[in-house]
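Enquirer: Sequence:
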Amino acid sequence: MKSLATVILAAGEGKRMRSSLAKVLHPVCGRPMVTYVIQTARLVGSDRVILVVGHQKERVIQALQEERVEFVVQAEQLGTAHALLQAEGILSGFRGQLLVLCGDTPLLSDQIVYRLLSQHRASSAKATVLTAILKDPRGYGRVLRTPGGMLDVIVEEKDANQQQKAVKEINTGAYCFQAPLIFEVLGQIGRDNRQGEFYLPDAIAILRSRELPVAAVVAGDPQEVLGVNSVDQLLEVERIMAHLKTKKKG
Numbered sequence: 000m001k002s003l004a005t006v007i008l009a010a011g012e013g014k015r016m017r018s019s020l021a022k023v024l025h026p027v028c029g030r031p032m033v034t035y036v037i038q039t040a041r042l043v044g045s046d047r048v049i050l051v052v053g054h055q056k057e058r059v060i061q062a063l064q065e066e067r068v069e070f071v072v073q074a075e076q077l078g079t080a081h082a083l084l085q086a087e088g089i090l091s092g093f094r095g096q097l098l099v100l101c102g103d104t105p106l107l108s109d110q111i112v113y114r115l116l117s118q119h120r121a122s123s124a125k126a127t128v129l130t131a132i133l134k135d136p137r138g139y140g141r142v143l144r145t146p147g148g149m150l151d152v153i154v155e156e157k158d159a160n161q162q163q164k165a166v167k168e169i170n171t172g173a174y175c176f177q178a179p180l181i182f183e184v185l186g187q188i189g190r191d192n193r194q195g196e197f198y199l200p201d202a203i204a205i206l207r208s209r210e211l212p213v214a215a216v217v218a219g220d221p222q223e224v225l226g227v228n229s230v231d232q233l234l235e236v237e238r239i240m241a242h243l244k245t246k247k248k249g
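The numbering of the sequence shown is numbering that gives the first Met the number 0, which starts it at 0 and goes up by one.
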């Protein structure tokens, strides 16, 4: 099996949490939510786990000292592509598969991530995206496909037109890329969008423009990909996690 490294994006402030605590440190069933993501990265075979930190970086690093992870700093939060680019130096010379996960998705299981990795390897793709079909896709980037059903581009909600907003397939924020190619692609991403940010999903469009293979895996259970951006979402994730733990014990 080729070498695998994981980068977890954990630099965001999480303003909608209305809390002084960094978002990824909010507890879910007694543990900082990001520790579940770290655990998943380990379970799927990551040789290295790297966290991109920014907001309250000292507090996050201190809280995760026992997790045996590496840290890189995103001093300014300029978007997800910019966040991943901060890991280029620490991954210098790495040639393998690069798993990218979000630090606020504690329900993401090793089974679905392993499916993502398996599809990536089987299809020889340069990038593979984990998607999901949601009844209410508001707040997520939409996954647009070609008439033949192939992955085409991902459009952020704020940049989407009404037709695109009607699409139910969303980007979960979990990817597998080939390194070092992805870092070359990141350098070509601009910020000509409503947020003025460097969007990681734009890497898909660049790879497609080069006629390089990209792929997508649809999560069977949309519940697994829930992100935490508000107190209500945190409570919902905690409820689901507690139910899953009780189910396992039973």
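The hints are simulated quantities; they were obtained by calculation from the structure and are not laboratory data. Keep in mind that the hints are not guaranteed to be accurate.
Said to hold, decoys possible - Mimicking BS3-like on lysine-lysine, the simulated pairs with C-alpha atoms at most 25 Å apart in a straight line are:
#1 Lys157 <-> Lys14
#2 Lys167 <-> Lys157
#3 Lys164 <-> Lys134
#4 Lys56 <-> Lys14
#5 Lys157 <-> Lys134
#6 Lys167 <-> Lys134
Said to hold, decoys possible - Simulated restraints, written as ranges between beta carbons of each label pair:
#7 Arg209 <-> Lys248: 29 to 35 Å
#8 Val72 <-> His242: 32 to 38 Å
#9 Ser91 <-> Gln61: 41 to 47 Å
#10 Arg209 <-> Gln64: 24 to 30 Å
#11 Asn160 <-> Arg190: 26 to 32 Å
#12 Lys247 <-> Ser19: 15 to 21 Å
On a predicted model such as this, the values are computed, not experimentally measured, just so you know. Note that CB positions come from ideal geometry on N, CA and C, so glycine has one too.
Enquirer: None of the hints should be skipped; say for each whether it holds.
Expert: A quick look at each hint next to the structure:
{"no.": "1", "hint": "Lys157 <-> Lys14", "verdict": "holds (18 Å)"}
{"no.": "2", "hint": "Lys167 <-> Lys157", "verdict": "holds (15 Å)"}
{"no.": "3", "hint": "Lys164 <-> Lys134", "verdict": "holds (12 Å)"}
{"no.": "4", "hint": "Lys56 <-> Lys14", "verdict": "holds (16 Å)"}
{"no.": "5", "hint": "Lys157 <-> Lys134", "verdict": "holds (19 Å)"}
{"no.": "6", "hint": "Lys167 <-> Lys134", "verdict": "holds (7 Å)"}
{"no.": "7", "hint": "Arg209 <-> Lys248: 29 to 35 Å", "verdict": "violated (49 Å)"}
{"no.": "8", "hint": "Val72 <-> His242: 32 to 38 Å", "verdict": "holds (36 Å)"}
{"no.": "9", "hint": "Ser91 <-> Gln61: 41 to 47 Å", "verdict": "violated (26 Å)"}
{"no.": "10", "hint": "Arg209 <-> Gln64: 24 to 30 Å", "verdict": "violated (41 Å)"}
{"no.": "11", "hint": "Asn160 <-> Arg190: 26 to 32 Å", "verdict": "violated (20 Å)"}
{"no.": "12", "hint": "Lys247 <-> Ser19: 15 to 21 Å", "verdict": "violated (33 Å)"}
Checked against the numbered hints above, the structure violates hints 7, 9, 10, 11 and 12; every other hint is satisfied.
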